[in-house]
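J.: Sequence:
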Amino acid sequence: MVVNPAGPAGESDGLPDDWTDPSTRLEGWRRFVETDPAAFELLPDQQWQALSPASRAPYDEARIAYHSELQVVRTSTVKEIAHQGRLLTLLNQREHGARRGMIVSGQWTTGKTTALKQLGRTHELCVQQRYPGSDRIPVAYITAPPKDSPRKLALEFARFLGLPVINPRHNTIDVTSAVCQVMIEARTELVLVDEIHLLNHATTVGEDLSDHLKYFTEHLPATFVYAGINIEKSGLFTGSRGKQLGGRCILVRTGAFPRNTEWQALIASLESTLRLHRHTPDTLAGLSKYLHQRTGGMIGSLSHLIRAAAISAILDGSERITKASLRNIRIDHNSESASPPDADREAG
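Under the UniProt record's numbering, the residue at position 300 of the sequence shown is numbered 300, and the numbers go up by one with no gaps.
Hints are computed from structural coordinates only; laboratory data are not their basis.
Mixed in with the good hints, there may be bad ones.
With beta-carbon atoms standing in for the labels, derived distance ranges [to be verified]:
hint : residue 1 : residue 2 : range
1    : Arg327    : Gln129    : 43 to 51 Å
2    : Gln128    : Ala98     : 26 to 34 Å
3    : Pro281    : Cys126    : 20 to 28 Å
4    : Arg327    : Pro281    : 16 to 24 Å
5    : Arg136    : Arg320    : 46 to 54 Å
6    : Gly162    : Ser272    : 32 to 40 Å
Just so it is clear, CB atoms sit at the ideal spot from N, CA and C, and this is done for glycine as well.
Work out the full structure: start from the sequences and follow the hints.
T.: Structure representation (structure tokens):
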């Protein structure tokens, strides 16, 4: 989507078009897949300074909207998950027995959901290219229901597919069978299940959900990819069910980035997305150590910090990000707690 900086403000209420249609619903997922990364071209400096207040307001609103959108950077983790996911879908094409899957595990804000959704987006775009105009549903994306029943899990799939409201008298197997039938007819090849850490095999509810998820994997000719927080410690691999799951899935771990060349490249990539009129190039690159101490090397925290600083720079008119302005941006509690009080002095 290319933002027109000189365009009229229109009748928008400031909310994105899909704010009521998340990617856990088919229409929202398709919009996510088909929407190109946000783009914005700054006006020449002289033209920008000549803008009237009435013209500058929509221009700044468009820039704020641009910076509010997560800019996906193809890190080594994103590439690894895309590569392993592609291999598994190819290996499972003619598999008639237990299909192999993948589990993405890591701490908060390490890019698990982003990588999971990028895998699904890449796969769906490939299928669309192979079968243009097809009514296939190549990818299904849901989040695991918290502490709930197998029926709720089946309903998550049903909601994603946009199936009609299920009759309360229909039991879990009725709902599951309807979902499986639609997904088989729609040639669903990749099923993404986020927040899988909510499933704990050490509890009765967790065992029931696990059995039901296993039912889906055995009745759908699809590759299942799961993502969750520190899954190795969540109880997912405990007991016979956990061992069976662990025997069928490869594990890819996400984590904090060390302060190395990839960290530098990550900062440079995010800095290149800034659309500020007075920002000094390579400022953030020069603050690599400070940014690592502030965020603990977490990509989600880094992205939030830089995007929030950019929006703040537009709002206060400074049009630049500096170390001083970064200090005024609050990020997640985990990163703030881990950052030592004298991080500024240490970072220089």
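J.: None of the hints should be skipped; say for each whether it holds.
T.: Now for the hints, and whether the structure bears them out:
no.	hint	result
1	Arg327 / Gln129: 43 to 51 Å	46 Å, holds
2	Gln128 / Ala98: 26 to 34 Å	29 Å, holds
3	Pro281 / Cys126: 20 to 28 Å	36 Å, violated
4	Arg327 / Pro281: 16 to 24 Å	21 Å, holds
5	Arg136 / Arg320: 46 to 54 Å	47 Å, holds
6	Gly162 / Ser272: 32 to 40 Å	38 Å, holds
This entry does not satisfy hint 3, going by the numbered hints stated previously; all others are met.
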